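Trainee: Here are the chains, one letter per residue:
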Amino acid sequence: MNESFFLVAFVTAIVLVVGAYWIAKLIAPHSSNAQKGEPYECGIPTRGNSWLPFKVGYYLFAILFLMFDVETVFLFPWAVVMHDLGTNGLIMITFFILILALGLAYAWKKGALEWK
Amino acid sequence: MDNIRERILSLAPEATFEESQILTAMIPSDKFREVTLHLKNDKDMQFDYLQDLIGMDWGETLGVVYRLFSTSNNQCAVVLKTSTADRENPQLFSVSDLWDSANLYEREVYDFFGINFINHPGMRRLFLRSNWEGYPLRKDYNMDSNHLTMENQTIEEMETATTLNLTSEGLVNSSFQLFGEKEYVVNIGPQHPATHGVLHLRVSLDGETVKKIDPHFGYIHRGVEKMCEGYTYPQILHLTDRLDYLSGTMNRHAVCLCVEKALQLEIPERAQYVRTMLDELTRIASHLLGWGCMCMDMGSITAFVYGMRDREKIMDIFEETGGGRLMCNYSVIGGLSKDIHPNFLKRIREFIPYMRKMLKEYHTLFTENPIARGRMEGVGYLTREQAISYGVTGPSGRASGWSNDVRKIEPYAAYDKINFKEMLRTEGGTFDRYMIRLDEILESLKILEQLADGIPEGDYRAKTKAIIKLPEGDFFQRVENARGDFGVYISSKGDKSPYRVKFRSPCMTLASALDPITRGEKIADLIMIGGSLDYVIPCIDR
Amino acid sequence: MEVKKIHIPNMKHEDFNDNEYLEKYVEELHKNGTNVIIGKIDDMINWGRSNSVWPLLFATSCCGIECMCVGAARCDFARFGWEVTRNSPRQADVMFVFGTLVHKMAPVLKRLYDQMAEPKYVIAVGSCAISGGPFKDSYHVIKGINEIIPVDVYVPGCPPRPDAILYGMMQMQRKIKLQEFFKLPEQPVIK
Numbered sequence: 001m002n003e004s005f006f007l008v009a010f011v012t013a014i015v016l017v018v019g020a021y022w023i024a025k026l027i028a029p030h031s032s033n034a035q036k037g038e039p040y041e042c043g044i045p046t047r048g049n050s051w052l053p054f055k056v057g058y059y060l061f062a063i064l065f066l067m068f069d070v071e072t073v074f075l076f077p078w079a080v081v082m083h084d085l086g087t088n089g090l091i092m093i094t095f096f097i098l099i100l101a102l103g104l105a106y107a108w109k110k111g112a113l114e115w116k
Numbered sequence: 001m002d003n004i005r006e007r008i009l010s011l012a013p014e015a016t017f018e019e020s021q022i023l024t025a026m027i028p029s030d031k032f033r034e035v036t037l038h039l040k041n042d043k044d045m046q047f048d049y050l051q052d053l054i055g056m057d058w059g060e061t062l063g064v065v066y067r068l069f070s071t072s073n074n075q076c077a078v079v080l081k082t083s084t085a086d087r088e089n090p091q092l093f094s095v096s097d098l099w100d101s102a103n104l105y106e107r108e109v110y111d112f113f114g115i116n117f118i119n120h121p122g123m124r125r126l127f128l129r130s131n132w133e134g135y136p137l138r139k140d141y142n143m144d145s146n147h148l149t150m151e152n153q154t155i156e157e158m159e160t161a162t163t164l165n166l167t168s169e170g171l172v173n174s175s176f177q178l179f180g181e182k183e184y185v186v187n188i189g190p191q192h193p194a195t196h197g198v199l200h201l202r203v204s205l206d207g208e209t210v211k212k213i214d215p216h217f218g219y220i221h222r223g224v225e226k227m228c229e230g231y232t233y234p235q236i237l238h239l240t241d242r243l244d245y246l247s248g249t250m251n252r253h254a255v256c257l258c259v260e261k262a263l264q265l266e267i268p269e270r271a272q273y274v275r276t277m278l279d280e281l282t283r284i285a286s287h288l289l290g291w292g293c294m295c296m297d298m299g300s301i302t303a304f305v306y307g308m309r310d311r312e313k314i315m316d317i318f319e320e321t322g323g324g325r326l327m328c329n330y331s332v333i334g335g336l337s338k339d340i341h342p343n344f345l346k347r348i349r350e351f352i353p354y355m356r357k358m359l360k361e362y363h364t365l366f367t368e369n370p371i372a373r374g375r376m377e378g379v380g381y382l383t384r385e386q387a388i389s390y391g392v393t394g395p396s397g398r399a400s401g402w403s404n405d406v407r408k409i410e411p412y413a414a415y416d417k418i419n420f421k422e423m424l425r426t427e428g429g430t431f432d433r434y435m436i437r438l439d440e441i442l443e444s445l446k447i448l449e450q451l452a453d454g455i456p457e458g459d460y461r462a463k464t465k466a467i468i469k470l471p472e473g474d475f476f477q478r479v480e481n482a483r484g485d486f487g488v489y490i491s492s493k494g495d496k497s498p499y500r501v502k503f504r505s506p507c508m509t510l511a512s513a514l515d516p517i518t519r520g521e522k523i524a525d526l527i528m529i530g531g532s533l534d535y536v537i538p539c540i541d542r
Numbered sequence: 001m002e003v004k005k006i007h008i009p010n011m012k013h014e015d016f017n018d019n020e021y022l023e024k025y026v027e028e029l030h031k032n033g034t035n036v037i038i039g040k041i042d043d044m045i046n047w048g049r050s051n052s053v054w055p056l057l058f059a060t061s062c063c064g065i066e067c068m069c070v071g072a073a074r075c076d077f078a079r080f081g082w083e084v085t086r087n088s089p090r091q092a093d094v095m096f097v098f099g100t101l102v103h104k105m106a107p108v109l110k111r112l113y114d115q116m117a118e119p120k121y122v123i124a125v126g127s128c129a130i131s132g133g134p135f136k137d138s139y140h141v142i143k144g145i146n147e148i149i150p151v152d153v154y155v156p157g158c159p160p161r162p163d164a165i166l167y168g169m170m171q172m173q174r175k176i177k178l179q180e181f182f183k184l185p186e187q188p189v190i191k
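Chains as they are written, first to last, in the numbering used here: chain B, 1 to 116; chain E, 1 to 542; chain W, 1 to 191.
Since the hints were derived computationally from the structure, they do not count as laboratory data. Just to be clear, a hint being listed does not mean it is correct.
Here are the computed lysine-lysine pairs in the DSS-like style, where the Cα-Cα straight-line distance is at most 30 Å [said to hold, decoys possible]: (1) K139(E) - K143(W); (2) K493(E) - K110(W); (3) K55(B) - K446(E); (4) K496(E) - K136(W); (5) K346(E) - K446(E); (6) K496(E) - K143(W); (7) K110(W) - K25(B); (8) K109(B) - K493(E); (9) K110(W) - K36(B); (10) K139(E) - K136(W); (11) K496(E) - K446(E).
Bear in mind that the values here come from a model prediction, so they are computed numbers and not experimental data.
Excised from the complex, chain B in its bound form:
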């Protein structure tokens, strides 16, 4: 049962996405000019290279967000089966949240949440 469900889901996903692209390609009007390929910057041509080394602060914000987002994702399945797991599960999840909270406190203390 599980294998066929997985296969059906996989095939439906591929068919829907590829189908949407293909139908759009068939019926959409086509018209292109040189300006359409250029980036939009308030009507003025852009200056310089876009692939520049960028500030590491952006990376820090993104990583912190990702970690706490993944933590939330892990909390959802526990919440669903919370009653079955009982007190044991509660203690384990508290440890999990505590470790991440320690990480947050460290980041806060070190000033990673401010933009330097």
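Chain B is already provided as a structure; the job is to place chains E and W on it using the hints.
Mentor: Just chains E and W, lined up with the frame of chain B:
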């Protein structure tokens, strides 16, 4: 006054003086730098406010007129003129190290007349494209000399500047790039919802922090000053509303007052009272829109809708009396074009308590909001000395502690007959500029109350000749716009059209102050600071 | 072929001032070989398209304030579905040009117009955008944006009242409703 005359003569013995209300001196160009240095640094006089710098083409010579005021003594004012006979390659000394506002003014004179300024830090055209041929405001300019080119502006065009330095070998002209090779430069505007018009800012960024801003103007430069030289005086009035369109009535008032002063025409009191009331209504409408747009830039579209709702009530009053919503077209030379509508006073009397109630709502909605406070407080400081040096007048200058209200310094129309306070704050941050506009709305409501009860009966218009010719000479009038000190300079040779018209734009100095305030702040703060300064671009570009 | 009465829910067909324009437009399209038989599906699609046109605001000067009044609460263009003003041309359907166009701004306007995706329309608002307006004697002003880009609707005034701008928008809706969906609309020719 005589003191200043003697000092100028001691430094420049060949200086000549003209008969005028303000002391006017024509100083030869080689001695000019010493005179200005002395006037700026002298402890008694301290002329620290350069109000306007006007380029002139006097036929054989090209020159500049400087209007200097002292902020510590409001009676101290002087007008300096200097010229050069070289029309091929005119050069004068720059004063941009003494007064920061001269930086943009001198670039404007270079753009329109071709005068290069020695020791200016970065000379390039201000409004027109770098490859524009000719200098438009010279008298021998050919109007068809430049055709439309649809080429996009290149990077060299936008980033090259020149300096003319006086070294031991003589004058050396060198060019340099404004931004380094590796700098990350982003264009904000001209087509952008938060720039309050078509302002093009090239911003050099380091992550989120702003390192340097280079504003580019001219995307709405309509050549109003050149057009005025071909029109008669009543025809000029139609162009004035469209300069700073949010204070259109006040601009029109300024030109009418200037022409009436030159003709020595007495305006009936009734006209003066009504003109003052319309000015104050325009001020309230402009501040409401400024407040609404600033809040919309922060993300609060509700505040914008509330501001516009109340502004519509003022538009109704204008439409009933004047005929137009935004462009009221009501003041003319001599008074008003027609008498006020019978409902005018009734509507104003209903509006005043309504607006007071709404202001309380605005404070509850927005000013108390912790997110708004967090974004506005601690950001964008402009000190009093910087405000004076950059010429930042109006509510933004008053928020930094500089008392510059023209209604108090040189009262005109009915302002000397009423009581009102000039709102001043000391910190000079974004929050202060925000609060001062709402406080000014309250003061304007008080002014309206006093005037509404006392409009005298009588004529609404003085008789003028059919063709208006001003006597020869230079005439100037200052008015307190919603954004600051709006000045009109008319130089006449006795014809029915002016010889030269210059509008002193309060918004140009506001936009020039954007660079020093925003260095080191983030991009989001740049938008907030621009909103709090509240400039309007057609006023800059004219 | 007779033009079927285009139905705009807020105004009757007889209240519009120039219905002959639409009939001439259809004749012109016929002459150039475009088939203008509007079927039921086209009708439905055009109803959806004309009621959710997203403007690209290009406000340069005074008319821009009347644009803000049109968007504000009293004369509200959200009633027509035009509320979402996109600032990027790639996401916009119609470009409102409010205000004067000068030589320095012309390449910017052309670039923005080229970057918009088809089908795109242009509404010129204010006398400056139509013909240069009060500034036509100037050395730096373009006498009308139709020298650079094709325009669909002109709204005269200096500045036009917000109600006039709404009337112009409704004329634009009628023009959109005439178009057949599965072909690109005819771009008007610049003379």
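Trainee: Now look at each hint and say whether the structure bears it out.
Mentor: Hint by hint, here is what the structure shows:
1. K139(E) - K143(W): 24 Å, holds
2. K493(E) - K110(W): Between K493(E) and K110(W) the Cα gap is close to 43 Å, so the pair fails against 30 Å, i.e. violated.
3. K55(B) - K446(E): 52 Å, violated
4. K496(E) - K136(W): 21 Å, holds
5. K346(E) - K446(E): 16 Å, holds
6. K496(E) - K143(W): Given that 30 Å is the threshold and the Cα spacing comes to 27 Å, the pair holds.
7. K110(W) - K25(B): 27 Å, holds
8. K109(B) - K493(E): With a Cα-Cα distance of about 72 Å, the restraint between K109(B) and K493(E) is violated, given a limit of 30 Å.
9. K110(W) - K36(B): This hinted pair holds, its Cα atoms lying about 12 Å apart.
10. K139(E) - K136(W): This hinted pair holds, its Cα atoms lying about 20 Å apart.
11. K496(E) - K446(E): Since the Cα atoms of K496(E) and K446(E) sit roughly 40 Å apart, the hinted pair is violated (cutoff 30 Å).
Checked against the numbered hints given earlier, the structure breaks hints 2, 3, 8 and 11 and satisfies all the rest.
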